[in-house]
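S.K.: Start from the sequences and build out the full structure, keeping to the hints where you can.
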Amino acid sequence: MTTPERGVMERVEQPTETPSNGEPAPALTFQAKNVSIWYGEKRAIDNVTLDVASKAVTAIIGPSGCGKSTFLRALNRMHELTPKTRMEGTVLLHGEDLYSGTVDPAIVRRRVGMIFQKSNPFPTMTIGENVIVGLRLNGVRNQKFLNERLEKSLRMAALWDEVKDDLHKPGTSLSGGQQQRLCIARALAVEPEVILMDEPCSALDPIATAKIEELIYELKARYTIVTVTHNMQQAGRISDYTAFFYLGRLIEFGPTTKIFTNPTEKQTEDYITGRFG
Amino acid sequence: MHLERAHHHTWRKIKSALASGIAFASALLVIAPMGLVFFYLVVNGASSVNWDFFTKLPAPVGAVGGGMANAIVGSLELLALAGAIGIPIGVLGGVYLAEYGSARLNSVLRFLADVLNGVPSITWGVVVYGLVVLRFKGFSAYAGGLALGLIMIPLILRTTEEIILLVPNGYREAALALGVSRWKTIVHIVLKTASKGIITGILLALARVGGETAPLLFTAFGNHFWNHSLSQPIAALPLQVFTYAISPYDDWHRQAWAGALVRI
Amino acid sequence: MEATAPAIAPGEPLSAAAAMRRPSRFGDKAFEWLTLAMALTVVVLIILIGWQLWDGSALAVKKFGFHFLVTSTWDPVADQFGALPFIYGTLISSLIALLIAVPLGIATAAYLTELAPLWIRQPLVSLIEMLAAIPSVILGLWGIFVMIPWLRDYPLPLLKRFFGWTPFFSGPIYGPCMLAGGIIIAVMILPIITSVSREILRSVPDLQREAAYGLGATRWEATRIAVLSYAKKGLFGAVILGLGRALGETMAVTMVIGNTPQIAASLFKPGYTLASVLANEFTEATSDIYLQALFEIGLVLFGITILVNLLAQLLLRTIATTSATRAVQ
Chain A
2 MTTPERGVME RVEQPTETPS NGEPAPALTF QAKNVSIWYG EKRAIDNVTL DVASKAVTAI
62 IGPSGCGKST FLRALNRMHE LTPKTRMEGT VLLHGEDLYS GTVDPAIVRR RVGMIFQKSN
122 PFPTMTIGEN VIVGLRLNGV RNQKFLNERL EKSLRMAALW DEVKDDLHKP GTSLSGGQQQ
182 RLCIARALAV EPEVILMDEP CSALDPIATA KIEELIYELK ARYTIVTVTH NMQQAGRISD
242 YTAFFYLGRL IEFGPTTKIF TNPTEKQTED YITGRFG
Chain B
316 MHLERAHHHT WRKIKSALAS GIAFASALLV IAPMGLVFFY LVVNGASSVN WDFFTKLPAP
376 VGAVGGGMAN AIVGSLELLA LAGAIGIPIG VLGGVYLAEY GSARLNSVLR FLADVLNGVP
436 SITWGVVVYG LVVLRFKGFS AYAGGLALGL IMIPLILRTT EEIILLVPNG YREAALALGV
496 SRWKTIVHIV LKTASKGIIT GILLALARVG GETAPLLFTA FGNHFWNHSL SQPIAALPLQ
556 VFTYAISPYD DWHRQAWAGA LVRI
Chain C
13 MEATAPAIAP GEPLSAAAAM RRPSRFGDKA FEWLTLAMAL TVVVLIILIG WQLWDGSALA
73 VKKFGFHFLV TSTWDPVADQ FGALPFIYGT LISSLIALLI AVPLGIATAA YLTELAPLWI
133 RQPLVSLIEM LAAIPSVILG LWGIFVMIPW LRDYPLPLLK RFFGWTPFFS GPIYGPCMLA
193 GGIIIAVMIL PIITSVSREI LRSVPDLQRE AAYGLGATRW EATRIAVLSY AKKGLFGAVI
253 LGLGRALGET MAVTMVIGNT PQIAASLFKP GYTLASVLAN EFTEATSDIY LQALFEIGLV
313 LFGITILVNL LAQLLLRTIA TTSATRAVQ
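Residue numbers (the numbering used here), protein chains in the order written: chain A, 2 to 278; chain B, 316 to 579; chain C, 13 to 341.
Rather than coming from a laboratory, the hints here were simulated on the basis of the structure.
Note that the Cβ used here is the ideal one computed from N, Cα and C, for glycine as well.
If you anchor each label on the Cβ, the simulated ranges turn out as follows: (1) B:418 - C:133: 33 to 39 Å; (2) B:370 - C:45: 45 to 51 Å; (3) B:351 - A:163: 58 to 64 Å; (4) B:565 - C:169: 24 to 30 Å.
M.R.: Below is the structure:
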């Protein structure tokens, strides 16, 4: 609460949070308006407008190259790391413009965590160090607080019982599924408000995938989750809302049950019934 | 017809084997000098490598014994000075090439670094002589260390860059996605991941300049006694080997072999 | 797993966000500028070398002008300075070195990438890397006490007997001579020619080899037709890079070439190189003009090596880009 950014964020947060308590309309975490993104000359995202509901799982599906990952990365400004990117439009996080000149991308990324396709625990660090590295490098020195966060984050990522006696072992000594959960714990340690997942299970076996999906279901009680997947069954299993992207455009967006049972657009229907892509 | 073709085929096979044989002989010829150099170093140098060699000052001509203690320590001092200049500049410059910079600027800088790596080491000696020795009126350990340090810069810069580029992008993204600033990501994640390779590169560069003589001839200059101040001339092992080797005295020749053996 | 879920207390205060320090844009900018400054030292160094050599030799350049490069009297006592014998010695010794090192180096590289049994490749590569690590002065030491006596006793008399009728191998055999200088430079540049050639050959796409083998080529035919001819330009770059090193090689040459400023056809006669004269005479230069002349020698050496290196880098770079574009296509 002491940092000025937090103060600003809190004030902006209030009005959008309050109505959700009494009214049926879901509170919104993200409001993306007319977002277009170019890589050099190539237009990767074309005029996308999309609202992301709080404390729910939103899945983004579509054939590869449709811009779903690019859109996801625009939600925490990770796409800016690619050289020669240009963006138009606005993205609001709890009503605050993520792209306004006064907002530091590092602050955005602390509030909006990200899990990647390939699990990437830092190879030079132990399991324990991996979890608290975000806090450490962001200047937290209080050892008691770090220990608390370490255990809590690993518990939330459903990994604590498996690794509590091996915290000093290298993070890369874990199995693929455990590594991915370690990365989730690492993201949770900085207490984000949102978790973005970029095909988090695509490199995992079915059992590890089931564990992650279960974890996503649990985390949704507390976090807004946006996940990209090319596995439509997975989108159907875990998400509350589904957005279908094709060639950089948002073709259709709505509750997952509706998209999968009664899509409005012909292209959506073709995609989910496997007729292309 | 058929037979002729078979014959032709055998001839081609023989030719192939012959070419392999010639290539193998070339490879042997290439490594032969190394075996010979080692052999003679051990034969001629081993008898003079004893406790005195590491602990005593050079003996005057004609006197028996003596050592190169001052040169050994001098070499280490020079390497420390060189490292103090070459390592930070080289590593940080390599970081810029790998992590920042536009493609065009980087290709120019890379090009210049490669060209610098081809500058004869004696040229560095001449340049540092003009910059330091003439200006401050005297040979010194500082001048020698500077010459070696400048040689190290492009070497370390290029290896650091190449090794940093091998660090998978996923680690950078993971750290940045935690809200860690760019420079902390580079220092704590990227450099830490690449540290083994970077240290190897630094050691190779130190080994390379540790054997340099030409840039020291008129910067560090050499010294038959202990060096008491870095602003005074200082001895170095390769320099001592050179001085002894071109001298007309047998005792000194033996010391030169011993010095060379220790250097390796 | 379910048991762990209740550990999350809803509405928990955002303590982590409060505990974290705000990111400083200054730190990021400062670090970037710092590394940029360090990277720019390569530009500064090139300019510094050029400027220092130019500044140090200004008087000599003015006094001797172009004659410095084409006259062959080097007489410090009489203040007469002509660099031609050194330029000649540098070029001839480097040429001898290339004649020996290029075929050996490229054949070895081809052996290492194409012809050798797999188990032998890595040990050989390590040995060649070790050869590269032998300091010049130690090779020179070996040159004086082992190579020269051996050359004087066996190969040189043979050369004289069979080729003595040519001007190159006539006259008395002293020991230290141009030929010895060339041979020792060849040993010094063999590792770099071999390792750069090896990199070039390794970058030849496997498709090339497979196409040749597919047509029934033997191993040597595939190497010659598919690999060596494909890599021609890159190998040329490797040779030029070796030439750059040869021109600047100092200590080992100084110890075996004889250090006599003369232009003689016979390779049995002693010679002198630009680098050697610097190594020998720099600390003895008593008069200003003598020192200036030596700086000008340094300038000439720098000029030649920088041109050769530029050429080598350009050749090696076009290779890299063309193979990259080919890979894209």
